[in-house]
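Guided by the hints, dock chain B onto chain A, whose structure is given.
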Amino acid sequence: GAGVSQTPSNKVTEKGKYVELRCDPISGHTALYWYRQSLGQGPEFLIYFQGTGAADDSGLPNDRFFAVRPEGSVSTLKIQRTERGDSAVYLCASTAGTNTGELFFGEGSRLTVL
Amino acid sequence: AQSVTQLDSQVPVFEEAPVELRCNYSSSVSVYLFWYVQYPNQGLQLLLKYLSGSTLVKGINGFEAEFNKSQTSFHLRKPSVHISDTAEYFCAVSRGSNYKLTFGKGTLLTVNP
Chain A
1 GAGVSQTPSN KVTEKGKYVE LRCDPISGHT ALYWYRQSLG QGPEFLIYFQ
51 GTGAADDSGL PNDRFFAVRP EGSVSTLKIQ RTERGDSAVY LCASTAGTNT
101 GELFFGEGSR LTVL
Chain B
115 AQSVTQLDSQ VPVFEEAPVE LRCNYSSSVS VYLFWYVQYP NQGLQLLLKY
165 LSGSTLVKGI NGFEAEFNKS QTSFHLRKPS VHISDTAEYF CAVSRGSNYK
215 LTFGKGTLLT VNP
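Taken in sequence, the protein lines are chains A and B. Oh and the first sequence: position 18 is 18 in the numbering used here, straight run, nothing missing. Position in the second sequence (from 1) plus 114 gives the number in the numbering used here.
Chain B on its own, in the form it takes in the complex:
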């Protein structure tokens, strides 16, 4: 079985500041890794994914994440956030291509002016 831990339930930052949302996972087998974003009153939307290849992946809206196998981490970063980035962010893992995802509990990112 796999599990996902998002270390921060809430992250408040000021506009134009950098941000890192932390995600650690546990699994006895290779996994695929994802970050999803949920804006208020909207469905979950894929931000970025790691399936294989380069460990640094770039997603939409200027976000990127780095897969670190030795630390079993997949932290999400953005160098300069905007008010519009305010949302809940979910880290998720799956084994293989059936995309049966295991999600973390989410991190609420609040960007203040």
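So that you can see chain A by itself, here it is in the shape it has in the complex:
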């Protein structure tokens, strides 16, 4: 497809488990973003990649959260020792990196930690 693809769409896990969420951006988009949307809130920035490197990871809440983008395309958000407070919709977005002013968002991965 032509849009941003996120898998899984839904993930239910138990407290303490490890989780990986995958994002496949629009082909050719150099910049990739992860956001987290908790119930009743707007999306909150987590991390931003330009190419393979994390240009800004200031939004990651703690060291249980980590993200990679090894080949400059697909990205994986990794959460260790999940907690109930990690339950949220994790959104991925990409942009071509030019001054277009538009992020293209995926439909999100809904994470539920029991």
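It is worth saying that the hints were derived from the structure and are not from the lab. Remember, predicted model here, so these are calculated numbers, not experimental data.
Derived DSSO-like pairs: lysine-lysine, alpha-carbon spacing no greater than 27 angstroms straight-line: (1) B/Lys214 x A/Lys11; (2) A/Lys78 x B/Lys219; (3) B/Lys163 x B/Lys214; (4) B/Lys163 x B/Lys183; (5) B/Lys219 x A/Lys11.
Frame of chain A, contents of chain B only:
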């Protein structure tokens, strides 16, 4: 740091009525301003944006917004809404072109027949 306040969490209106969704921001530097829409079970979609130039910007589906620097506002308007406009609307700001967005909490627009 910047912040965004969407003054109404829910706005119910009747079909064909005008609507205004309010957004105020705070920032010590110049910002870019955006409105995104999220239809049920869909991803966020850009409605319109202000980067520079004319303060009145027009977006998709007949929406428009006006950037008011003195009032630090970017209110979204539509003169006549349709049932299909029912969705959650998010105002967002960013500093510069890295598009690291700060979002408001959203306004749920419900259009009733």
